[in-house]
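*Asks:* In case you want the letters, here they are:
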Amino acid sequence: MSTNTVAIRPSMARIYALESWLAFVQVLRAPAFALPTLLFPLAFYALFGLVLPTRIGSMAPAHYLLATYGAFAAMGPALFGFGVGLAMEQQMGWLALKRASPMPIGAYFASKVAMAMLFALCTTLLLGSAAVVFGKVHMEVSQWLLLTAVLVLGAIPFCALGLLIGSLAKAQAAVAVVNLIYLPMSVLSGLWMPVKMFPPFMQDLAPMLPAYHFGVLALNAAGFKLGNPGSALLALIGFTIGFTALALYAQRRRWSP
Amino acid sequence: MSRPVIARWQAASKRFGAVLALDRFSLDIHAGEVLAVLGPNGAGKTTALGLLTGLIRASSGHTELFGKDPASIEARRGMGVMLQTGDPPDTLTVAEHVRLFSGYYPQPRPLAETLAMAQLSELAQRRYGVLSGGQQRRLQFALAICGRPQLLLVDEPTTGLDVEARRSFWQVLRGLVAQGTAVVLTTHYLEEADALADRVALIQQGRLVALDTPLAIKSRVGGQCLRFRSTLSDPSLAQLPGVLSVRRDGSHFELRATDVERLLPLLLAADPGLRDLTISAQSLENAVVDLIKEAA
Numbered sequence: 001m002s003t004n005t006v007a008i009r010p011s012m013a014r015i016y017a018l019e020s021w022l023a024f025v026q027v028l029r030a031p032a033f034a035l036p037t038l039l040f041p042l043a044f045y046a047l048f049g050l051v052l053p054t055r056i057g058s059m060a061p062a063h064y065l066l067a068t069y070g071a072f073a074a075m076g077p078a079l080f081g082f083g084v085g086l087a088m089e090q091q092m093g094w095l096a097l098k099r100a101s102p103m104p105i106g107a108y109f110a111s112k113v114a115m116a117m118l119f120a121l122c123t124t125l126l127l128g129s130a131a132v133v134f135g136k137v138h139m140e141v142s143q144w145l146l147l148t149a150v151l152v153l154g155a156i157p158f159c160a161l162g163l164l165i166g167s168l169a170k171a172q173a174a175v176a177v178v179n180l181i182y183l184p185m186s187v188l189s190g191l192w193m194p195v196k197m198f199p200p201f202m203q204d205l206a207p208m209l210p211a212y213h214f215g216v217l218a219l220n221a222a223g224f225k226l227g228n229p230g231s232a233l234l235a236l237i238g239f240t241i242g243f244t245a246l247a248l249y250a251q252r253r254r255w256s257p
Numbered sequence: 258m259s260r261p262v263i264a265r266w267q268a269a270s271k272r273f274g275a276v277l278a279l280d281r282f283s284l285d286i287h288a289g290e291v292l293a294v295l296g297p298n299g300a301g302k303t304t305a306l307g308l309l310t311g312l313i314r315a316s317s318g319h320t321e322l323f324g325k326d327p328a329s330i331e332a333r334r335g336m337g338v339m340l341q342t343g344d345p346p347d348t349l350t351v352a353e354h355v356r357l358f359s360g361y362y363p364q365p366r367p368l369a370e371t372l373a374m375a376q377l378s379e380l381a382q383r384r385y386g387v388l389s390g391g392q393q394r395r396l397q398f399a400l401a402i403c404g405r406p407q408l409l410l411v412d413e414p415t416t417g418l419d420v421e422a423r424r425s426f427w428q429v430l431r432g433l434v435a436q437g438t439a440v441v442l443t444t445h446y447l448e449e450a451d452a453l454a455d456r457v458a459l460i461q462q463g464r465l466v467a468l469d470t471p472l473a474i475k476s477r478v479g480g481q482c483l484r485f486r487s488t489l490s491d492p493s494l495a496q497l498p499g500v501l502s503v504r505r506d507g508s509h510f511e512l513r514a515t516d517v518e519r520l521l522p523l524l525l526a527a528d529p530g531l532r533d534l535t536i537s538a539q540s541l542e543n544a545v546v547d548l549i550k551e552a553a
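Line by line, the protein sequences give chains A and B. Take 1 as the starting number for the first sequence in my numbering and just add one per residue. Take 258 as the starting number for the second sequence in my numbering and just add one per residue.
Since the hints were made in silico from the structure, they are not lab data. One should not assume that every hint holds.
[To be verified] Some but not every residue of chain B turned toward chain A, in silico, with C-beta under 8 Å:
(1) Arg334
(2) Val338
(3) Leu357
[Stated by the list, open to error] A short list of chain A residues far from chain B (calculated; beta carbon distances all over 10 Å):
(4) Val25
(5) Ala100
(6) Ile156
(7) Ala176
For glycine and all other residues, C-beta sits at the position ideal for the given N, C-alpha and C.
Just chain A, with the same shape it has in the complex (with noise of 0.2 Å):
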C-alpha cells in the first residue's frame, strides 16, 4: 500500500442497506420460516376476526383483532428470524467469518432488526388488506399509519427477546425455546382474545409480558380506549434495554472466553 494514498473506506450507508435487504431475502427465501410468518397470522386473523364473527362486548373482531393478530405477526419474525437466525449462524461458525470479515459488527445486528420490520410490515399490510376488504373495518388513514408504524416498530423489543434466546441456546434449543415462549405468551397477553376475558390472576399476570404492551399500544393506535399506551410504550422501551443488555452480556462472553 503506497502512502500518499488516501485510505478509501467503504459506504457504510451501503453495506448496511444490502445486509438488510439480503437478511430479508435470506428468510423470504426458506419457505419453514416464510410461510408460516406470513399467512399463519393471516389464517387466525381470518377465522376468528372474518370468518366467525362473535362480537367481543361492543367492539368488532374483524378491528380489535386486527391490531392484536397485527402484533402476534409482528412478534414472529423477531423471535424466529432474529433468535432462530443467529442461534444457527453462530453454530455453523458463520458469524465468526462474518467477525472475521470488515463487516462493521453492527450491520449484522441491524439487518436482522431491519428484516423483522421488513416482514412486520408485509404481516401489516397482509392483514390490514383483508380487514379492509372482507372485514369491512373502518380507519382514519392517521389510525392506519400510527398503527403500522406501531406494528412495525414495535418488533424491535421482541427482536431484542430473539437476540437473548439466540445468544444463549444453541439452534435446536433456541427453536424449542421460541415455540415454548412466542404462543403461550401471545396467548396469556390477549392477542388472540382480550385479557378481559380471563379469570383474575390470569389478568394480573398479563403486564408481566412485553407482548402485552406490544397488544395495548397497538389496540390504543388502531382506536380503542384500553389500558395505558404511555406506561405500555415505557414497559417496552425497559424490556428491550433489559433484553439487549443481557444478550450483550451474553455475547460478550461466548467472544472472549
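Mind docking chain B on chain A? Use the hints.
*Replies:* Quick look at chain B alone, frame taken from chain A:
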C-alpha cells in the same frame, strides 16, 4: 528478509481454562510471503490464526495486523479469511454472497473477476445450499479474496478436496502470490506446504518449534531415503558410514542417510544380493514427523 512486516505475533499466549493453547508464540509475517503453519491436531494452529483474525484475544503478549489491533475494522480491511467452518446461509446465491462481502472492502475486485478466480462463474445464480461440498469451499474462498486483501488467511483450505481440485486451488493461490498477496495457511497436507510455502512454521504444544524454508527443514533432518530388500541385519546396516536411521518395513529396509554416493558401494559390497533399491529425497512429511518427535 527485507520485505516489510505486515502482521506479527509477539510472545502471544492463550490459555483456555487449564490448557495453554499457545505459549509465547512469536512470528512475523512479511508482505508477499507464503507461510505454512504446520503441526499435529490441537497444537495451536487454529488458536494462532484466531488471534490474527481478532476472534480470539491473547491472554498475554499481543498480535498486530498492519500495525493495528486485529480487532479493529481498519486492520481487517486488508485481510481475507477462510476458516475451517463458516457456512453461509443456504438461500442466498453465490453472486449475492460475493457482492455483500465485496462491499466490506475499500477496493474490491469486480464480481466477475472474483467468480472467475474461484471458478464459480457458471454458478453465480445458484443458491449456496444446492452447491456441492467442493463448490461451497470455493465460495468461501471467493469471500476471502473478493476484497483484494494484502494478507490472505486460509485455515485448511483444501481439506476434503480431491487431488485435482487441490492442484487447481494451488494454481489460483500462486496467481495471488504473484500479484503480491501474502498468504498464511494451515494444512494437514505437507505436500501442500512444500509446494506453496516460502517458510514453514511448525507448532507443537502451543510453541513454535521450527521456522524455516521447506528445503532447510528437510535438510535439517537431513539425508535421503533408501529403500531396498536385503539379508543384512539392522545393526550391521546402522554401522555403515552416513546412515542416520534404519527402519524395517515388512520385507524392506528404509535407511535415512547422508553422503549416499559414498555409502552405496559399501552397501552393495556388504550384500551383493541387495534388490529393489530406490533412492528418494527426504519428504517434508518425514522431516516434520521427526521434528515433532524431537520436540515432544
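*Asks:* Hey, does the B:Leu357 contact hint survive, CB to chain A under 8 Å?
*Replies:* B:Leu357 check passes; min Cβ-Cβ to chain A is 6 Å, inside 8 Å.
*Asks:* Check the non-interface label on A:Ala100: least C-beta distance to chain B beyond 10 Å or not.
*Replies:* Label violated. Min Cβ-Cβ 4 Å, cutoff 10 Å.
*Asks:* Taking the closest Cβ pair, is B:Arg334 under 8 Å from chain A?
*Replies:* Interface hint status for B:Arg334: holds (4 Å vs cutoff 8 Å).
*Asks:* Double-check B:Val338 for me: the hint is only fine if its C-beta lies closer than 8 Å to a C-beta in chain A.
*Replies:* Since chain A brings a Cβ to about 4 Å from B:Val338, closer than 8 Å, the hint holds.
*Asks:* For A:Ile156, is the shortest beta carbon distance to chain B beyond 10 Å?
*Replies:* Holds: least Cβ distance 23 Å, greater than 10 Å.
*Asks:* Just checking, A:Val25 versus chain B, shortest CB gap more than 10 Å?
*Replies:* A:Val25 not clear of chain B: closest Cβ-Cβ about 7 Å, inside 10 Å.
*Asks:* If I take the minimum Cβ distance from A:Ala176 to any residue of chain B, is it greater than 10 Å?
*Replies:* About 21 Å separates A:Ala176 from the closest Cβ of chain B, which puts it past 10 Å; holds.
Taken one by one, the earlier hints fail for this structure at numbers 4 and 5, listed in ascending order.
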